[in-house]
Amino acid sequence: MAQSKRFWRIVFLSLPLLFYAVIVIIPLTSSFYYSLTNWNGFSKTSDFVGLANFAKVSRDPLFLNAIRNTVIWMVAAIVVPSGFGLAIALVLHQGVRGANFFKSLFYLPICLSLAVIGQVWIWVYHPDWGLLNEILRLIGLQEATKAWLANPGTALPAVITAWSWQQVGLAMVIYLAGLTSIPAELTEAAEIDGANYRNLLRYVIIPLLSPATVVVIALSIINSLKSFDIVYIMTQGGPFHKSDTLAMFMYVESFKKYYMGYGSAISVVLFLIALVVIIFYFRQVQALEHLYD
Amino acid sequence: MTSRSRPMSRSRISRVVVLYVLLSLVVLIYSLPLIGVLLTSFKTTEEIAREGLWRLPHALRLTNFSHAWMEGNGKRYIVNSFLVTIPATFISIAFGVLTGYVFNKLPFKGSNLLFILIIAGMFFPPQIVLIPLFRFFNAVRLYDTLWPMIIVHIAFGIPICTLIMRNFFATIPTAIREAAIVDGASELQILLKIMLPLSLPALAVLATLQFTWIWNDFLWPIIFTQSDKWKTIMVGLIALKGQYSVAYGVQGAMAIIASVPTLIIFVFFQRYFIRGLTLGAVKG
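In order, the protein sequences belong to chains F and W.
Each step along the first sequence adds one to the number in the numbering used here, with nothing skipped, and position 56 is 56.
In short: position in the second sequence from 1, add 1000, done, that's the numbering used here.
Take these hints with a grain of salt, some might be off.
Claimed, not checked - Below are the DSBU-like pairs computed for lysine-lysine, each with C-alpha atoms no more than 30 Å apart in a straight line:
id, chain 1, residue 1, chain 2, residue 2
1, F, Lys257, W, Lys1229
2, F, Lys226, F, Lys103
3, F, Lys56, F, Lys44
4, F, Lys242, W, Lys1241
5, W, Lys1241, F, Lys146
I should point out that these hints are in silico values taken from the structure, not numbers from a laboratory.
Generate coordinates for the entire structure from the input sequences, incorporating the hints supplied.
In structure tokens:
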């Protein structure tokens, strides 16, 4: 009996775990090794250079620039999707007529590829016929029009906005799930006690939504660390590296310049940042999990 | 509910009106970018040069779509995307069924830790494995084929599939398995004949999630393919941009073609897709 359990465990787990080990675990650990070498992507051999790549990283202005942009992205990722997502979810949860139609529209961007979203938003920002400039001209703000993606001051916010457009929908999904899990008796009781909507929000709904908020923020941060596709498509990190993120910078150093050792060091830094967020997230979710059972 | 039965007060009516106006405005602004693509895809290049992207097209011409499909290689890219997405979706879910079953019904010492380690993989930035995988697929001579994408998506799908299947199996009473064991069934028979038929909702959730993610992926084909012959649709979309830099209509048509499969899932299986998003996020 116990024997057969063990047999089936091995049968069921071996192939999935083999895939997972070969494609995820082993490469993950070998990235740490490559980060200590000067491998160039082609040669059969490479030299062990110790922590030289990490020393170089800490002095590289382009790396520090990418870190800065990634942090800006993270801050936006914490504030924008959760703020808008919560607001929309609250409105739609009130039982407005046609709520399902509105929900679908906000869901829609989640099913689109970031390649498509990038393409769509390039047109929004197009200097000549972009939607944004057309609207500015329409309301007489001619002098405010610009080439949003080519302008060093606006490139990063423009890309982050396009990205947030999708993330808002995701945040809304999670907040709606959170809202439905709040027992109606609780909000009714507060209303009977004479609480107005603002107080209801402040003392009942938002505190009860904190698990959803943790999820939304953690997911946004993690997604912001991965932000590569949309940057690649919209700006390639330009102009003058103004919209470079860590993920984009890592790609260019590794696959355009073939500094694979250096690129590995960057990916290790990215991984370590993500690890901190993931550990924080797991601890929070474990503490909160009973709320969703 | 009560507001239906008694007449609405004036302040309540005005509140509802304001709410709707605001909501409609937000929705309009939110969907404008997509409306723009739709409009553009029906316009000729001359029309766009004359009137820009955001006016109504003069006629519903489909020439841009046929152009993107034929000359723009849309057909080939779509076929490649299906060749990657379908096997990767199917196999990753099959793996999730196997691992999820073991983690829930056949736990062993340390299985919880192993489970958490696998789930954590869902959140790692893929950049950490780019270089080693690039080297690996070069070494096994699969660079510039569709194989690396299939293999990588199977492996990266294991965390979410394991998570959702394990949690689903947890809702099926263990007594069912025990009764079957007493009747002499093997674990494989239990899994295939009893558990799987009960798991259809979970399988549907995973199928929509995995299909959408794999279909929409852009990173792996950029890393693992080079020649036009093996481009998936998302990379093809960007390649087309270089080739037809001013033919916005063709680009718009290609963007729509690229989104059709996931839009179909969105329209017909939205319930499962949304459930998957919340399950994956909250339970992770």
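Structure-inconsistent hints, enumerated in ascending order: none
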